[in-house]
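Protein chains in written order, with this note's numbering: chain Z, 1 to 320; chain G, 1001 to 1320.
For the record, the hints were derived by calculation from the structure and aren't laboratory data.
Yeah, the Cβ is synthetic: ideal placement off N, Cα and C, and Gly gets one too.
Any given hint might turn out to be false.
Claimed, not checked - Far from chain G, some chain Z residues (derived; all Cβ distances over 10 Å): (1) Ser-43; (2) Ile-88; (3) Ile-117; (4) Ala-150; (5) Ala-179; (6) Phe-202.
Unchecked claim - So the derived list for chain Z, only partly shown, Cβ under 10 Å to chain G, looks like this: (7) Phe-2; (8) Gln-163; (9) Tyr-200; (10) Pro-204; (11) Leu-253; (12) Thr-306.
2 protein chains.
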Amino acid sequence: MFFEGAEKKAEIQINIGQISLLKDIKDTFWQAMVTSCNAQIISSINNENCKAFLLSESSLFVWNDRLLILTCGETQLVNAIEYFIKKIGKDKIKQLTYQRKNEYFSHAQPSCFGDDIKLLSQYIKGNAYRFGELDGHHNFLFHYENNFIADPEDKTYEFLAYQINEQASNLLTSKGITALAIRDFLSINKILPDFIIDDYVFQPYGYSLNAIKADRYLTIHITPQADSSYISFESNMDLMAIAPLFIEILKPLSFDILSFNEHSFSNKTTLFKEANYLSKSLVQQTLPNGYHVNFANFILPQLEFTQPIQVHIEGENNAL
Amino acid sequence: MFFEGAEKKAEIQINIGQISLLKDIKDTFWQAMVTSCNAQIISSINNENCKAFLLSESSLFVWNDRLLILTCGETQLVNAIEYFIKKIGKDKIKQLTYQRKNEYFSHAQPSCFGDDIKLLSQYIKGNAYRFGELDGHHNFLFHYENNFIADPEDKTYEFLAYQINEQASNLLTSKGITALAIRDFLSINKILPDFIIDDYVFQPYGYSLNAIKADRYLTIHITPQADSSYISFESNMDLMAIAPLFIEILKPLSFDILSFNEHSFSNKTTLFKEANYLSKSLVQQTLPNGYHVNFANFILPQLEFTQPIQVHIEGENNAL
Chain Z
1 MFFEGAEKKA EIQINIGQIS LLKDIKDTFW QAMVTSCNAQ IISSINNENC KAFLLSESSL
61 FVWNDRLLIL TCGETQLVNA IEYFIKKIGK DKIKQLTYQR KNEYFSHAQP SCFGDDIKLL
121 SQYIKGNAYR FGELDGHHNF LFHYENNFIA DPEDKTYEFL AYQINEQASN LLTSKGITAL
181 AIRDFLSINK ILPDFIIDDY VFQPYGYSLN AIKADRYLTI HITPQADSSY ISFESNMDLM
241 AIAPLFIEIL KPLSFDILSF NEHSFSNKTT LFKEANYLSK SLVQQTLPNG YHVNFANFIL
301 PQLEFTQPIQ VHIEGENNAL
Chain G
1001 MFFEGAEKKA EIQINIGQIS LLKDIKDTFW QAMVTSCNAQ IISSINNENC KAFLLSESSL
1061 FVWNDRLLIL TCGETQLVNA IEYFIKKIGK DKIKQLTYQR KNEYFSHAQP SCFGDDIKLL
1121 SQYIKGNAYR FGELDGHHNF LFHYENNFIA DPEDKTYEFL AYQINEQASN LLTSKGITAL
1181 AIRDFLSINK ILPDFIIDDY VFQPYGYSLN AIKADRYLTI HITPQADSSY ISFESNMDLM
1241 AIAPLFIEIL KPLSFDILSF NEHSFSNKTT LFKEANYLSK SLVQQTLPNG YHVNFANFIL
1301 PQLEFTQPIQ VHIEGENNAL
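So here's chain Z without its partners, still in its complex pose (with noise of 0.2 Å):
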């Protein structure tokens, strides 16, 4: 069965002077702006500086001054956003992104990104863009900024994994498995000493993870099917330094990059040179309130040639 892992994501940020997300606002009004994108909160783990939900689609995580959503499968997250505008007030927001990322079924998508600025549009008015070629993979960014100045030291990173290798995908699909052995194949303990971990394995397949530690986080989901597999890695830690264990763990045929402030990007994709990928999409734009983006797309060249993937007519499909 297909499952569309790409995720929708938007960060708020607001004016901390009038409201705190974290102290001021209660678990029934994120209980119901997730339901409002049809999504549901599993389970919670907080420490002082941010409380993070596990959600049946990814994750969301709430701090003082900011929110982070993510959502993904067939989940409509700009009716979270309006919701959240809605009921806050678009006067306490200082900035917002929104973004998708291209879909492979969008056509089982309730809406495109198209339709969301325009449903945004109505209350926010920002700049939209799209980093990435649109025959490849593509991120569309809609951003508002409300005379907002970002801090050059507010990083965050995305690094997305497509087409992991055979072994990786049967370990993470084996019947039985558990979120301690996953977290052992991710070398979660290394990379996380210290975190606070909360994690789930979906049935039949899937896995999330969310980990926080003071004002850092990191958040893993897994969509491990053969053939349709993507795992996505957002964090404020550098993930340009941890993605090259990854991507030993993992060996996917290809990734994404995409990073909020980070001034050495450039300089830093030479590790994944040396492990031989190839970059076929590099983007960079320092948006109107001073966040530098940058997205790339990486690929291993292939040599050999493969067999097509079979596609099954009648029943579950998850090839199409």
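Mind docking chain G on chain Z? Use the hints.
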């Protein structure tokens, strides 16, 4: 304005003893068949072997024993195939292939490949494959055969160019450009001496060409807009030999080659490697009827950063 250039394609071969598609079927039949998928016949050319119709969305070729139809945009080609099967009869069909490429606005399509093959499977039982990676360029192929053995000399080729260079896009979208100017640009007279040619410049953009000589054909369809540019070449002449000339003219960032019964496929890709293109996908399979199918996607690695495409939120949008 975005236009879905990616074609759906069908080839049907019939038992020549029972009926000649070229001699026994009137134009009104082809008109009705083409109308059933929401395309229209614009013009036609013919010789003793073949009749070639230029359509409002792509082309239809009819020989004594076979037809080839390509339609793009939001046409529903499967309806034309259903029309053919119902009117001509399943028993006269020796083999049928139905293809769809990955689309970029698949949410705007009236059906997906899965829907289409479910419909076809009500009439004919076949096999379906995906050539190419889900997260990259790929072709879905449905195949039905009725005691059919492929002629190893029955070779066909597709060359599909994506992201042509800026100069080529500018020329092909220039106001008032003539069919003759586009023929010159593509070196058509050099490549196709003595062919009967029928071509058409669409408004505001786009170009289609049908060319025939004896039983040889070439058809070209151009979607020239920057950011979504796509040019398809389909022929029973060796496009792998001609492709380097088109690559020199168009300098695409990426292209696909799809071939049927080209057993020297791998050797012939050397020319592309010499032009610095790398193979992102290499797929091959011999179908149950003996058709040997190859698919390859080549890319030009990027070394420099480019800027993202700005997406216009209101009104016409060429980047969504």
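Comparing the hints with the structure gives:
1. Ser-43: Since the minimum Cβ distance to chain G is about 30 Å, Ser-43/Z lies beyond 10 Å and the statement holds.
2. Ile-88: holds, 23 Å
3. Ile-117: violated, 5 Å
4. Ala-150: holds, 17 Å
5. Ala-179: holds, 26 Å
6. Phe-202: It holds; Phe-202/Z is separated from chain G by about 20 Å at its closest Cβ, greater than 10 Å.
7. Phe-2: holds, 8 Å
8. Gln-163: Since chain G brings a Cβ to about 6 Å from Gln-163/Z, closer than 10 Å, the hint holds.
9. Tyr-200: With Cβ-Cβ at 25 Å, over 10 Å, it is violated.
10. Pro-204: Hint on Pro-204/Z: violated, closest Cβ of chain G at ~19 Å, above 10 Å.
11. Leu-253: Check passed: Cβ of Leu-253/Z comes within 7 Å of chain G, closer than 10 Å.
12. Thr-306: holds, 6 Å
Comparing the model with each numbered hint stated earlier shows that hints 3, 9 and 10 do not hold.
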